[in-house]
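Asks: These are the residues of each chain, in order.
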Amino acid sequence: AQSVTQLDSQVPVFEEAPVELRCNYSSSVSVYLFWYVQYPNQGLQLLLKYLSGSTLVKGINGFEAEFNKSQTSFHLRKPSVHISDTAEYFCAVSVFSGYSTLTFGKGTMLLVSP
Amino acid sequence: NAGVTQTPKFQVLKTGQSMTLQCAQDMNHNSMYWYRQDPGMGLRLIYYSASEGTTDKGEVPNGYNVSRLNKREFSLRLESAAPSQTSVYFCASSRDNQPQHFGDGTRLSIL
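Note that the protein sequences, when read in sequence, are chains A and B. For reference, each letter of the first sequence is one residue, going 1 to 114 in the numbering used here. For reference, each letter of the second sequence is one residue, going 115 to 225 in the numbering used here.
The following block holds chain B by itself, in its conformation from the complex (with noise of 0.2 Å):
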């Protein structure tokens, strides 16, 4: 009953460094969203994937890649990692129009 697993919970990293964000749902659910949260600023979203082999950019993308690998699976990529990406990330899935299902976030700082 895992529903939506990120990984890694929480990441230290330097500026200009690169990291991948896993996320994985076994729901069986055709789409899949990658969101930023900010202090005061609610969730904002940074790139979707509609359903297996297509993905398009949300609110805030700038610095960031995705790949949708199979229909589990859904990362997020930050090829050179700044300060302002410092935030909690959050993966979600759906099916159709029925609410997402969140994971529990991953923690990144960026020094």
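Next comes chain A alone, as it looks inside the complex (with noise of 0.2 Å):
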């Protein structure tokens, strides 16, 4: 089975400053990694994905995320955050069987303040 690990349930910056989530993951196979992000009231929207190639990924709005397989992590960044980014943050991992249960992460919330 996978797991999660969002290591920070709140990240509070200010805006222009930069920002990086935490995720680990844990898994006895290779994986697929997932950043969501979720605006107040609604759905969960895709960031960016790594499913093979590049390690470095870069996403919509500014963002970026690291595949690291030795520590097991995929922390998201952006070197300058505006305050619409502020918004909940989810990691998630799923392993290919020709579908892809998502596991996720508790969630990390980005408070972004002027």
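Each hint can be trusted.
Sample of chain A residues lacking proximity to chain B, with all beta carbon distances greater than 10 Å (derived):
#: 1; residue: GLU15
#: 2; residue: VAL19
#: 3; residue: ASN24
#: 4; residue: LEU56
#: 5; residue: GLU66
#: 6; residue: SER73
#: 7; residue: HIS75
#: 8; residue: ARG77
#: 9; residue: HIS82
#: 10; residue: THR86
#: 11; residue: VAL112
#: 12; residue: SER113
With the Cβ distance kept under 7 Å, some of the chain A side facing chain B (calculated, not the full set):
#: 13; residue: PHE34
#: 14; residue: LEU46
#: 15; residue: LYS49
#: 16; residue: PHE96
#: 17; residue: PHE104
#: 18; residue: LYS106
Just so you know, these hints were derived from the structure itself, not from any lab. No experiment lies behind these values; they were computed from the predicted model shown. Glycine included, every Cβ here is placed at the ideal spot set by N, Cα and C.
Both chains are given apart, each in its own frame, so use the hints to dock them into the complex.
Replies: This is how it looks when you write it as structure tokens:
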């Protein structure tokens, strides 16, 4: 079975500052990794994904993440955040078997203040 | 360009009542999923359907049943609602190993 740990439940940051949201996973097999964002009262929107290839993955809204197999991590970064980035961010992992059930972390609330 | 549509968006039930949450996708995806989201718990998989005609239990299936009506539709039923089932329910769909697409959720309160 897979598991995902998001180390911070909340991350407060000032506008235009850089941010890193941490995600570690455990699995006995190769995995696919995802970051989703959830704005208030909305569903989840895919930010970025790692399926294979380059370990540095770029997503929407200026976010990027780096897959580190040796450290089993997939941390999300943005060099300069905006107020509009305030949302909850979920890291998720799946094992491909023709379909993809996701195992989610508990989420990190990013709070951007002016 | 609807994607994944969930109905209703909000519902209040009394303990013991039954209800069906509806989900439909128009992306021709093979697989569909039901999750519940509770504060501090992330999303937990209730049931999934890898393909039309099949359903399987996820992490938290107790108290729920599902029906994959056709390729487009996947419903979730609460036969006898309990306060512990107060949650936000999300339906999602995907194709092969591609990322899942989510609906906007159903906010369910059970008194």
